[in-house]
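For the protein sequence lines, the chains are H and D, in the order given. According to my numbering, the first sequence holds residues 11 to 126 in order. According to my numbering, the second sequence holds residues 119 to 236 in order.
What the hints contain is simulated information worked out from the structure, not anything from laboratory work. Ideal Cβ positions, reconstructed from N, Cα and C, are used throughout, including at glycine. A hint or two may mislead.
Not the full set, but computed from the structure, chain H residues with beta-carbon under 10 Å of chain D [as the list claims (entries may be wrong)]:
hint : residue
1    : Arg-60
2    : Lys-65
3    : Asn-72
4    : Val-124
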Amino acid sequence: AQTVTQSQPEMSVQEAETVTLSCTYDTSESDYYLFWYKQPPSRQMILVIRQEAYKQQNATENRFSVNFQKAAKSFSLKISDSQLGDAAMYFCAYRSSTGTASKLTFGTGTRLQVTL
Amino acid sequence: DAGVIQSPRHEVTEMGQEVTLRCKPISGHDYLFWYRQTMMRGLELLIYFNNNVPIDDSGMPEDRFSAKMPNASFSTLKIQPSEPRDSAVYFCASTPWVAGPKPVIPQYFGPGTRLLVL
């Protein structure tokens, strides 16, 4: 079974600075997908960024980018120019590529605090 | 699109009562997922449907939990009888089937139902 580990329960960053959230995973599959979801205090789960394991190029979405290291099974999220609205829980998630859709396996989350 | 709709947003009930959570997936999405989020166990999949048919219910904790999807636009998760340990946030998510090689298809989540069983 796949597992996802987020070793940083909490992180803090100053506004306009850059922060990196860590995620590692364990799988025997060679093809899969990885996601970062953001959960603000409203509890809504919001997709931040996605990455296909077969792509070597790291995904980027505006201020959000990932560092995907397939051999190391690492998938970190970098937030540049941090904003107060970035404060939230961030969850890393793994999804097998088997079939068109299958369950997401989530990490335990990292709470990001953004300070002035 | 209105996104995934869940109701109620908050539910407070007493132990032993029946609880029904409702979900309307995004129109055209073929897959529907029910997740539960607790402090102890994090986010975990309970069950998911494909074209209204349950595919994997291995995450359903016990017989007190049941889920149905009578049509493509509606699903329910029922707990009967409810217990305090069922207190959690329950999320519904949906995703479409997309043709083509290796599509990366995210799951789109509803706002969740916060359940408190006293």
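Hints versus structure:
With 10 Å as the threshold, the beta carbon of Arg-60(H) comes within range of chain D, its nearest partner Cβ sitting at about 5 Å, so the hint holds. The interface hint given for Lys-65(H) is met, as the beta carbon of that residue sits about 9 Å from the closest beta carbon of chain D, less than 10 Å. Evaluation of the Asn-72(H) hint against chain D yields a violated restraint, the C-beta minimum of about 16 Å exceeding 10 Å. Checking Val-124(H) against chain D by beta carbon gives a least distance of about 22 Å; that is not within 10 Å, so the hint is violated.
Against the hints set out earlier in the document, violations occur for numbers 3 and 4.
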